[in-house]
Amino acid sequence: MTVSGESAEERWVDDHAGPVVRPYAVTRGRARPVAGKFDLISLVTATRTEPGPEMGLGPEHLAIVGLCQRALSVAEVAAHLDLPVGTIRVLLGDLVARDMVRVREPYAVHGLPDDSVFEAVINGLRAL
Amino acid sequence: MDYERSERSAGSLTLPTAIKILVAGGFGVGKTTLVGAVSETRPLRTEEVLTESGVGIDDLSGVEGKNTTTVAMDFGRITISDDLVLYLFGTPGQDRFWFVWDELALGALGAVVLADTRRLADCFPSIDYFEGRGTPFVVAVNCFEGSRRYKLDEVQAALNLDPDVPVLLCDARQRQSGKEVLITLLEHAMKAREARRSG
Chain R
1 MTVSGESAEE
11 RWVDDHAGPV
21 VRPYAVTRGR
31 ARPVAGKFDL
41 ISLVTATRTE
51 PGPEMGLGPE
61 HLAIVGLCQR
71 ALSVAEVAAH
81 LDLPVGTIRV
91 LLGDLVARDM
101 VRVREPYAVH
111 GLPDDSVFEA
121 VINGLRAL
Chain F
1 MDYERSERSA
11 GSLTLPTAIK
21 ILVAGGFGVG
31 KTTLVGAVSE
41 TRPLRTEEVL
51 TESGVGIDDL
61 SGVEGKNTTT
71 VAMDFGRITI
81 SDDLVLYLFG
91 TPGQDRFWFV
101 WDELALGALG
111 AVVLADTRRL
121 ADCFPSIDYF
131 EGRGTPFVVA
141 VNCFEGSRRY
151 KLDEVQAALN
161 LDPDVPVLLC
171 DARQRQSGKE
181 VLITLLEHAM
191 KAREARRSG
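Going line by line, the protein sequences match chains R and F. Those letters in the first sequence? Residues 1 to 128, by full-length UniProt numbering. Those letters in the second sequence? Residues 1 to 199, by full-length UniProt numbering.
Be aware that one or more of the hints could be misleading.
To be verified - Computed footprint of chain R on chain F, listed as stretches where at least three residues anywhere in the stretch have a Cβ under 8 Å from a Cβ of chain R:
| id | region |
| --- | --- |
| 1 | 99 to 108 |
| 2 | 180 to 193 |
What the hints assert, rightly or not - Now the stretches of chain F that chain R is said to cover, found in silico as 3 or more residues with beta-carbon under 8 Å:
| id | region |
| --- | --- |
| 3 | 32 to 46 |
| 4 | 71 to 80 |
No lab work stands behind these hints: they were computed from the structure. Backbone N, C-alpha and C fix where the C-beta goes; we use that ideal spot for every residue, glycine too.
Chain F with its partners taken away, still in its complex shape:
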């Protein structure tokens, strides 16, 4: 066994560590578009096969029955440095998959809630979820062509957000815009930690 251990591939002695940010919001709001715009490769899709109870994500016994369902998640990767990799996960939209959100939200640095002003209510469940969980988040209003431009404070009021929660406009297709959203989130998350420590 010792011989085999010495056969390690180059560079594997310093293993990188991963972190993640979630991208949430209603169906068709541009989550995967945003993930793709800032990631180093096109978005990937991963699937979990779940049993109907929802608890046994990994329980495939009795799989020949029909009580399994598949949850798909789109995600992307940004290699920050040799020892740090950032993953962006689009949350599955359906409300009945909250337990998947719990797994995703565990240890996330924060979340981006994408909003479409034509269907603002679609992002309410995401906001409720992150507020309830204490996960730092920002609201990024994706500027679809043809949608009326609302003032950001109007959006903030309509969503009944805590005044500390950043609200910003973005174009989910643009890398630069997506980067700004992520940086705003991380700065907000750091401030929220600081406030929690001193308060």
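Bound conformation, chain R alone:
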């Protein structure tokens, strides 16, 4: 663990830090993920139940692994952690690079799904 990094974070994230500084600190100033391109509805699933000791991961990374024991969208992860989507994308990139989560791109990436998907959604909605 980077102790100096943590104390730097504590210095930044105080009551006056506001909504922008915290995301900036969580990603240690990085604006783009090291791996992956994450759509709002890309589904994230943890590859393990216990994150274990990992170098350079913060509490937010571990929280994502905890949340994604069942598949959650990038948007859901952001909402649950109360962080902007851009910040979550950076954190997810770290986790993908460590093979700690897997990401399923939505149908949107490969064009619209075929009729069977539409029919499945209609039937699913009727059954609600």
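Following the hints, put chain F in place on chain R, whose structure we already have.
Just chain F now, kept in the frame of chain R:
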């Protein structure tokens, strides 16, 4: 690394895939109400921090300047099956966020345009947007108490809609009503695809 890979949590071998439907319309027309009525949990809110240029959604460099703005989107989830999850996204209302709409509309199965007959013009920009983009949509007239009940063909004429676009009444608070709106949209979207294929 191989040891770690074998440590996968149960059920993660078949990852589900997500799809989305947009819910658009003027401010206060009931978008989030509709999303909440049909979703399995209360609506969630997600935020994107944007730079003023609008292009650099993820560009936080120089963040200490004041040129950032936050766009909030309300959304909900309906788990259709083990391998299919549907998300409903309320579009951010402000017209200056069209580029966020572009991201949202990419790959969407279709859109619901919610209309309030007391402020019908509020949904014009949404209709123009989806028409221009070729995104299938329906117009759902949210029946507010105290609003005059218009005939659906009156609404269709007032909005100058293509006759193929379904217009229906709904109560955004009611799950059953919201489900009917979504099913109407999906059936319309399938027909539109069929027409495009054969035409």
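Cross-check of the supplied hints:
Coverage of the region 99 to 108 of chain F by chain R holds in this model, with 5 residues showing a Cβ closer than 8 Å to a Cβ of that chain against a need of three. Check result for the region 180 to 193 of chain F against chain R: holds, 7 residues qualifying (beta carbon to beta carbon below 8 Å, three or more required). Against chain R, the region 32 to 46 of chain F contributes 4 residues with a C-beta closer than 8 Å to a partner C-beta. That satisfies the three-residue criterion, and the hint holds. Coverage of the region 71 to 80 of chain F by chain R holds [criterion: at least 3 residues with CB-CB distance below 8 Å; count 5].
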